[in-house]
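Engineer: One letter stands for each residue in the lines below.
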Amino acid sequence: MTAATTTANGAPQKISLLRVLGPAHVWALGVGIVLVGEFTGWNFAAGKGGTLGAMIALWVCGLLYTAVAMIDSEVTSTVAAAGGQYAQAKHIVGPLMAFNVALYLVFAYTMLEASDAILVGDTMVQFASDMGVTGLTHHSFIVFTVVFLVWLNYRGILATLNFNFVITALAFLSIVILFLSVQPWSQGAVLKLGEMVTKENALPYGWLGVIAAMQFGIWYYLGIEGTTQAAEEVRSPARSLPLGTMTGMITLLIAATMTWYVCASLLPWQYLGQTVYPLYDAAKATGSWQLQYLLFVGTVLAGVASANGCINDAARAWFSMGRDRYLPAWFAAVHPTYRTPYRALIFLLPVALAFALIADINQAITFSILSGVLHYTFMSINVIMFRNKWPLGTIRRGYVHPFHPIPAYILLLLCIVTFFAIFLGYGTQLIAMVAFYAIVSVWFHFYRYQYVRRGAQFTMPWPKPVGY
Amino acid sequence: MADKAYQPEEQSAAMQFLDIVFLLAAIFGTLLLPIYLHLAGAATETTKIDNPTWDLLKQTPGQVAAWTALGKDPASAHDIIQTRFNYVIDWPTLIAVAVILFLYFFLLFRFSDSEYRDVIAEKFGGGKK
Chain A
88 MTAATTTANG APQKISLLRV LGPAHVWALG VGIVLVGEFT GWNFAAGKGG TLGAMIALWV
148 CGLLYTAVAM IDSEVTSTVA AAGGQYAQAK HIVGPLMAFN VALYLVFAYT MLEASDAILV
208 GDTMVQFASD MGVTGLTHHS FIVFTVVFLV WLNYRGILAT LNFNFVITAL AFLSIVILFL
268 SVQPWSQGAV LKLGEMVTKE NALPYGWLGV IAAMQFGIWY YLGIEGTTQA AEEVRSPARS
328 LPLGTMTGMI TLLIAATMTW YVCASLLPWQ YLGQTVYPLY DAAKATGSWQ LQYLLFVGTV
388 LAGVASANGC INDAARAWFS MGRDRYLPAW FAAVHPTYRT PYRALIFLLP VALAFALIAD
448 INQAITFSIL SGVLHYTFMS INVIMFRNKW PLGTIRRGYV HPFHPIPAYI LLLLCIVTFF
508 AIFLGYGTQL IAMVAFYAIV SVWFHFYRYQ YVRRGAQFTM PWPKPVGY
Chain B
4 MADKAYQPEE QSAAMQFLDI VFLLAAIFGT LLLPIYLHLA GAATETTKID NPTWDLLKQT
64 PGQVAAWTAL GKDPASAHDI IQTRFNYVID WPTLIAVAVI LFLYFFLLFR FSDSEYRDVI
124 AEKFGGGKK
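If you're matching them up, the sequences are chains A and B in order.
For the first sequence, this note's numbering assigns the number 555 to the last residue and increments by one with no breaks.
For the second sequence, this note's numbering assigns the number 132 to the last residue and increments by one with no breaks.
If we strip away everything but chain A, and leave its shape as in the complex, we get:
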């Protein structure tokens, strides 16, 4: 990732992002973004389909993400370029698709960042209220969180991801401590799953509710594919990206299972289905102030870590579009000292703030999920086109995923089911989001594309694709 700048004597100079990241940073970038899904968001699946519905959604969505990970590992290990799936779309489908994919990434992450800021703000207010301090509102916490993290990203990626690594590990540790503290091996001592989840309330909406719950079941894992965004800043992409992503998925599956078990055993499903901070509430329901303090810290740290990773990824996707002139070239500037995409960072700041201050958390999350599902729909078709245009043996692949095209078809089917799940209860937002992408696509195809170079977009050393 480079950008041309001018030196003091007027000579052009190439400034590139630094290759400083290892597998642990990739893990932190992926899990750091996604771990917040255990602290908020997944529980809205219980509201849409009951506690049991949320658990079924958890595992079905795990299948969806297994397909995502398989497909992504093959394409990413072959197109190890900055921008992740954006660069893949440019080489495999075409510029308009790449433009849309970059926007999916930007909005999945920016809306997630807004949700994170709301979580931090609401948790601070609730904790203060529990401590007897009333009258606070979440606005100042939201503004401080977003502005501080944008400043941190403005200053440089290594410091940012080192910071993320530490706070992600601490947030994950808080879930493990809560899980062990409530004696999960001894139902009835603290946990009361049999009393919270009964035959009458396990599936309050029947199997239609299970499908509806898929919308928020995705939230357990959404964003793990963001690890590929840092491809150009990773020292050894072929090793670090798959290793960081797969250990990240394992971490998330463990955390998701522990989270569901503890929360389902401590909170009535109706409460679980609407609270902003289910793990904090679960800790509160145990009656232990130590656990309550711990999960307060864990929730805030998870929110901060996620927002931090989101700011990093969204800005890089926006920067990449500016560099390729899909967006005004003004966005393609790299900071001369910190070597960060500072204009993209600053541009996206008010967007995240506006949604964090105006939308409810479930609305912001729904926009993020919608962008994610549109993105996964693309991925399922993209991998089929990739194999058709460059059959096995025609180019060097870092990894070849097995059972092709079954994972692609499973992913496509699950995406269609999830669109239906979002329609159940959030249909207006579904239409608004698709309208947005349709409008900007028309703008790009009929106007903006005149500023884009053609052949220069294709940078991989591959032969001509089959069929062209």
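Everything labelled a hint here was simulated from the structure, so no lab data went into it.
It cannot be assumed that every hint is accurate.
Claimed, not checked - Straight line, CA to CA, 30 Å or less: simulated DSSO-like cross-link-like pairs of lysine-lysine:
#1 A/279 with B/75
#2 B/51 with A/286
#3 B/75 with A/286
#4 B/61 with A/286
#5 A/551 with B/7
#6 B/51 with B/75
Unchecked claim - Simulated restraints on C-beta separations:
#7 B/79 with A/533: 46 to 56 Å
#8 B/20 with A/543: 18 to 28 Å
#9 B/91 with A/490: 35 to 45 Å
#10 A/235 with B/39: 22 to 32 Å
We put the CB at the ideal spot given by N, CA and C, even for glycine.
Chain B: place on chain A using the hints.
Structural biologist: Just chain B now, kept in the frame of chain A:
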């Protein structure tokens, strides 16, 4: 041999500024405005119960203990318990949404392919098929 490279014109600062304004208008107009005007969000309904008790709200003793630990009484828990999603499927709307989604992806891939052929023709030559 590759085709002659297309050289896009440089965009003026003023036009770049207009593009940024358009993007902001699209983001806020289509995504934030429906929320601000309360046109978007969860489609739920609340069934009212007068003078609610834990029994009327059909809560088990274990659930009552949990509600109490969370600082809720029957009155403050009422709306949480009695609010449900409305999953009555409006088929014309569902079909319309499905058609919109299909058309979006169909045109997305079609327009992308037309642009992609230019890219490949310029990169590898042989003209646009």
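Engineer: Are the hints correct? Go through all of them and say.
Structural biologist: Hint check results:
1. With a C-alpha separation of about 18 Å, the suggested pair residue 279 of chain A and residue 75 of chain B falls inside the 30 Å cut-off, and the hint holds.
2. For the hint pairing residue 51 of chain B with residue 286 of chain A, the CA-to-CA distance comes to about 24 Å; that is within 30 Å, so the pair holds.
3. For a cut-off of 30 Å, the pair hint linking residue 75 of chain B to residue 286 of chain A stands: about 24 Å separates their Cα positions.
4. A distance of roughly 13 Å separates the Cα atoms of residue 61 of chain B and residue 286 of chain A; the hinted pair therefore holds under the 30 Å criterion.
5. Taking the CA atoms of residue 551 of chain A and residue 7 of chain B, the gap is near 17 Å; set against the 30 Å cutoff, the hint holds.
6. Under the criterion of a C-alpha separation no larger than 30 Å, the hint pairing residue 51 of chain B with residue 75 of chain B is consistent with the structure, at around 17 Å.
7. Between residue 79 of chain B and residue 533 of chain A the CB atoms are about 54 Å apart, so this pair conforms to the stated range of 46 to 56 Å.
8. Look at residue 20 of chain B against residue 543 of chain A: about 25 Å separates their beta carbons, and that is inside 18 to 28 Å.
9. For residue 91 of chain B and residue 490 of chain A, the Cβ-Cβ distance of about 39 Å falls inside the hinted range of 35 to 45 Å, so the restraint holds.
10. Between residue 235 of chain A and residue 39 of chain B, the C-beta spacing of about 26 Å keeps the proposed range 22 to 32 Å intact.
In summary, the structure agrees with every hint in the numbered list given earlier.
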